[in-house]
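Novice: As a plain string of letters, each chain reads:
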Amino acid sequence: MTEKSAIIGLGITEMGKVYGRTAAEFAADAVVLAAADAGCELHDIDGLLISAGVQQGVGLGLARDLGLRNLTLLSEVQAFGSTAGGMVAQASMAVQSGLATTVACVFADAPLVQGGSAGAAYGAGRRTFTGFGGIAAASGLTSTNAMYALAARRHMQKYGTTSEQFGAVAVAQRAWAAMNPRAQMQAPMTIEDHQNSRMIADPLHLLDCCLVSNGGVAVIVTSQSRAEASAKPAVYVLGWGQTHPGYTRTSGSEFGLITGAATSGPMAMKMAGVSVGDIDVRELYDCYTYTALVSLEDYGFCEKGEGGALAQSGALAPGGSLPTNTGGGQLSSYYMWGYTPLSEAIIQARGEGGERQVAKNDVVLVSGNGGILDHHSSLILSKHAAA
Amino acid sequence: MTLAALARDDASAQFLDAAAQGVLLYQRCSACGHAQLPIGGSVRTRCRNCGRNEAAWTPASGAATLVSWTSSPVRTADGTEPGPVIGLLELAEGPWLETQLRGLAGAPGELDEGAPFHVGFEQPEGSEPIPVFIAG
Numbered sequence: 001m002t003e004k005s006a007i008i009g010l011g012i013t014e015m016g017k018v019y020g021r022t023a024a025e026f027a028a029d030a031v032v033l034a035a036a037d038a039g040c041e042l043h044d045i046d047g048l049l050i051s052a053g054v055q056q057g058v059g060l061g062l063a064r065d066l067g068l069r070n071l072t073l074l075s076e077v078q079a080f081g082s083t084a085g086g087m088v089a090q091a092s093m094a095v096q097s098g099l100a101t102t103v104a105c106v107f108a109d110a111p112l113v114q115g116g117s118a119g120a121a122y123g124a125g126r127r128t129f130t131g132f133g134g135i136a137a138a139s140g141l142t143s144t145n146a147m148y149a150l151a152a153r154r155h156m157q158k159y160g161t162t163s164e165q166f167g168a169v170a171v172a173q174r175a176w177a178a179m180n181p182r183a184q185m186q187a188p189m190t191i192e193d194h195q196n197s198r199m200i201a202d203p204l205h206l207l208d209c210c211l212v213s214n215g216g217v218a219v220i221v222t223s224q225s226r227a228e229a230s231a232k233p234a235v236y237v238l239g240w241g242q243t244h245p246g247y248t249r250t251s252g253s254e255f256g257l258i259t260g261a262a263t264s265g266p267m268a269m270k271m272a273g274v275s276v277g278d279i280d281v282r283e284l285y286d287c288y289t290y291t292a293l294v295s296l297e298d299y300g301f302c303e304k305g306e307g308g309a310l311a312q313s314g315a316l317a318p319g320g321s322l323p324t325n326t327g328g329g330q331l332s333s334y335y336m337w338g339y340t341p342l343s344e345a346i347i348q349a350r351g352e353g354g355e356r357q358v359a360k361n362d363v364v365l366v367s368g369n370g371g372i373l374d375h376h377s378s379l380i381l382s383k384h385a386a387a
Numbered sequence: 388m389t390l391a392a393l394a395r396d397d398a399s400a401q402f403l404d405a406a407a408q409g410v411l412l413y414q415r416c417s418a419c420g421h422a423q424l425p426i427g428g429s430v431r432t433r434c435r436n437c438g439r440n441e442a443a444w445t446p447a448s449g450a451a452t453l454v455s456w457t458s459s460p461v462r463t464a465d466g467t468e469p470g471p472v473i474g475l476l477e478l479a480e481g482p483w484l485e486t487q488l489r490g491l492a493g494a495p496g497e498l499d500e501g502a503p504f505h506v507g508f509e510q511p512e513g514s515e516p517i518p519v520f521i522a523g
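Chains A and B, in that order, are what the protein sequence lines are. Under our numbering, the residues of the first sequence are numbered 1 to 387, in order. Under our numbering, the residues of the second sequence are numbered 388 to 523, in order.
One or more hints might be untrue.
[Stated by the list, open to error] One side only, chain B facing chain A, incomplete, derived with CB under 7 Å:
{"no.": "1", "residue": "A391"}
{"no.": "2", "residue": "D404"}
{"no.": "3", "residue": "I517"}
[As the list claims (entries may be wrong)] Keeping only pairs whose Cα atoms sit at most 20 Å apart, straight-line, the calculated EDC-like set for lysine to aspartate or glutamate is:
{"no.": "4", "chain 1": "A", "residue 1": "K383", "chain 2": "A", "residue 2": "D362"}
{"no.": "5", "chain 1": "A", "residue 1": "K158", "chain 2": "B", "residue 2": "E497"}
{"no.": "6", "chain 1": "A", "residue 1": "K383", "chain 2": "A", "residue 2": "E254"}
{"no.": "7", "chain 1": "A", "residue 1": "K158", "chain 2": "B", "residue 2": "E512"}
{"no.": "8", "chain 1": "A", "residue 1": "K158", "chain 2": "B", "residue 2": "D396"}
{"no.": "9", "chain 1": "A", "residue 1": "K232", "chain 2": "A", "residue 2": "E352"}
{"no.": "10", "chain 1": "A", "residue 1": "K383", "chain 2": "A", "residue 2": "E3"}
{"no.": "11", "chain 1": "A", "residue 1": "K304", "chain 2": "B", "residue 2": "E497"}
{"no.": "12", "chain 1": "A", "residue 1": "K158", "chain 2": "A", "residue 2": "D278"}
{"no.": "13", "chain 1": "A", "residue 1": "K304", "chain 2": "A", "residue 2": "E352"}
{"no.": "14", "chain 1": "A", "residue 1": "K270", "chain 2": "A", "residue 2": "D280"}
{"no.": "15", "chain 1": "A", "residue 1": "K383", "chain 2": "A", "residue 2": "E164"}
I should point out that these hints are in silico values taken from the structure, not numbers from a laboratory. Positions of the beta carbon are idealized from the N, C-alpha and C atoms, including for glycine.
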């Protein structure tokens, strides 16, 4: 039987409105922190997988910046918001095949500029719109916010999901963030705050949308035998899956209604030998409140269309029966693409969550969602080598 | 309710020439019959159902139904004002596209999935004609 892989190091840089450093510098910092956390030397790293960030500020040159000379695996990985899960899977397969023994996976981004607005951070400004693909853009559909708004509105129409139910996701996550010292947003939030926050792209209010953050996160993946000798408690990678729904953009498309979680989730759970009822902690990709809500449905934590009622029940919040996005998620802690849910999953699986630590933390689900629901990844992590 | 200017490229020339005549085109695969619209500009006639290079431009009826919609406030000197309502529409022939909606009686919140629309064309200064969809 193939040896399991495990995450033995986690490095999180200063996060949020941290200025004067490039994405490449955050990436290097994160790898150094992760190696130190794993109790290994930089030259022990023989695999480096790089997620270049939303701004594409990190490249293969990171290996040179870090002085890595023993690499037998070096690559950029790109599947947008689903990248992190794919990287951990790829690193796991690399250590299982013997391609590498100690693989660092890193994401870093530095979109925030001092004095600039968060909204401007990812804005591309006015462009010339050309060709068929330019029609939507010329009509004003130029932001990720607006495209997810189309998905969220479709969910509302089909299932009766309400803005207040999206708000319940945001409120629950803010309650978790209040216990996360790294969270950018810790002030208490009410449903009224959510409803009164300005409209970004109807039906999405400001408090439905993720943050924008500068920073970097890295993890170190190794084999089970090496993990058993590591400094920190190992977090085993029991299962992974990725799917890319390929919405047809024609009649019958499930866009906005069913996401890749419905397919990548069962793949990862089957590999891990667990079922949805075995999952103790959920760290779900939450670029928007809607994304977390629809993912809960598609993973099977409730019936299809019942995500809104589930959020309103309080189950996701501290003290609830289905603790979800326990660090505050991308909505309230920090936006590091899939490394936001991945980092919090490792913290929870290790039992390092402090005030927000979930008592039962045997099996943790991590999701990633990329593009406009185009790409999906799932990971099952555990402090145990077998489920 | 301004549309930005749209420029043509080789892949969109036939579509935009028809638009100038008030005709909305979509693509139908002559091999498998699949109906589609291109997603970007780089793939012109490849059928996304059967993979053959036989998706041919065909006149559409111009009738569509609303799948979803959104609207973002627009910044002005004094604050913000309501922005255009952008619809995700399903042509009667099946393909989806996104563009601005016209002729809405009430607020965007009063719209419904499945509401009927029909195509019109507008041509901003210095732009190719752009399809919009009119309620009813």
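Novice: Give a verdict on every hint.
Specialist: Against the structure, the hints come out as follows:
no.: 1; hint: A391; verdict: 4 Å, holds
no.: 2; hint: D404; verdict: 13 Å, violated
no.: 3; hint: I517; verdict: 6 Å, holds
no.: 4; hint: K383/A <-> D362/A; verdict: 6 Å, holds
no.: 5; hint: K158/A <-> E497/B; verdict: 15 Å, holds
no.: 6; hint: K383/A <-> E254/A; verdict: 36 Å, violated
no.: 7; hint: K158/A <-> E512/B; verdict: 39 Å, violated
no.: 8; hint: K158/A <-> D396/B; verdict: 37 Å, violated
no.: 9; hint: K232/A <-> E352/A; verdict: 11 Å, holds
no.: 10; hint: K383/A <-> E3/A; verdict: 15 Å, holds
no.: 11; hint: K304/A <-> E497/B; verdict: 25 Å, violated
no.: 12; hint: K158/A <-> D278/A; verdict: 29 Å, violated
no.: 13; hint: K304/A <-> E352/A; verdict: 33 Å, violated
no.: 14; hint: K270/A <-> D280/A; verdict: 16 Å, holds
no.: 15; hint: K383/A <-> E164/A; verdict: 36 Å, violated
When the structure is compared with the earlier hints, violations turn up for hints 2, 6, 7, 8, 11, 12, 13 and 15 and for no others.
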